[in-house]
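A.B. asks: Following the working numbering, the numbering of the sequence shown begins with 167 at its first residue and continues without gaps.
The hints are simulated quantities; they were obtained by calculation from the structure and are not laboratory data. All of these numbers come straight from a predicted model, not from anything done at the bench. Ideal Cβ placement from N, Cα and C applies to all residues, glycine included. Among the clues, some could well be false.
What the hints assert, rightly or not - Cβ pair distances, simulated, as ranges:
1. Trp220 / Pro274: 42 to 50 Å
2. Ile212 / Pro274: 51 to 59 Å
3. Gly245 / Pro274: 17 to 25 Å
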Amino acid sequence: MSRSMIRIVLVYALALAIAAFALEWLQFQYFSKTYSIEIYIAIIAIGFAALGVWMGNRLTARKSNGPFERNVAALTSLGISARELEVLEALAAGDSNKEIARTLEISPNTVKSHIGHLFEKLQVNGRVRAIEEARVHRLIR
């Protein structure tokens, strides 16, 4: 191909590219005027969804990769006995009072009193809250 032929092809290619861009720009202008409210709502929704994902990622606790190390200092400062710790671990496993009593070979009333002592020492008022607090203090996994 000669240089003049290449020049003509490039000029036509440039003209077609400019025309295609102009048509796309006109279509965008029409689309943005016709659906302007919907576009703004979608942009805001996408922004809030992205913000929610980012916040959730930042605020969610991450599991540590290393082996579990019990916080012995917290155990002693809270005054939790070895038996109460066993009851707490069974609570975290999802066992009922009767199952804990059978496993530890103690009466269900003793389990209730251990759970009551744990609630006092951890300053909570429910099983789930006790487990959460124990995990925060690294008493259980």
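A.B. asks: Take the hints in turn and mark each one as holding or not.
C.D. replies: Against the structure, the hints come out as follows:
no.: 1; hint: Trp220 / Pro274: 42 to 50 Å; in the structure: holds (47 Å)
no.: 2; hint: Ile212 / Pro274: 51 to 59 Å; in the structure: holds (54 Å)
no.: 3; hint: Gly245 / Pro274: 17 to 25 Å; in the structure: holds (23 Å)
Checked against the numbered hints above, the structure violates none of them.
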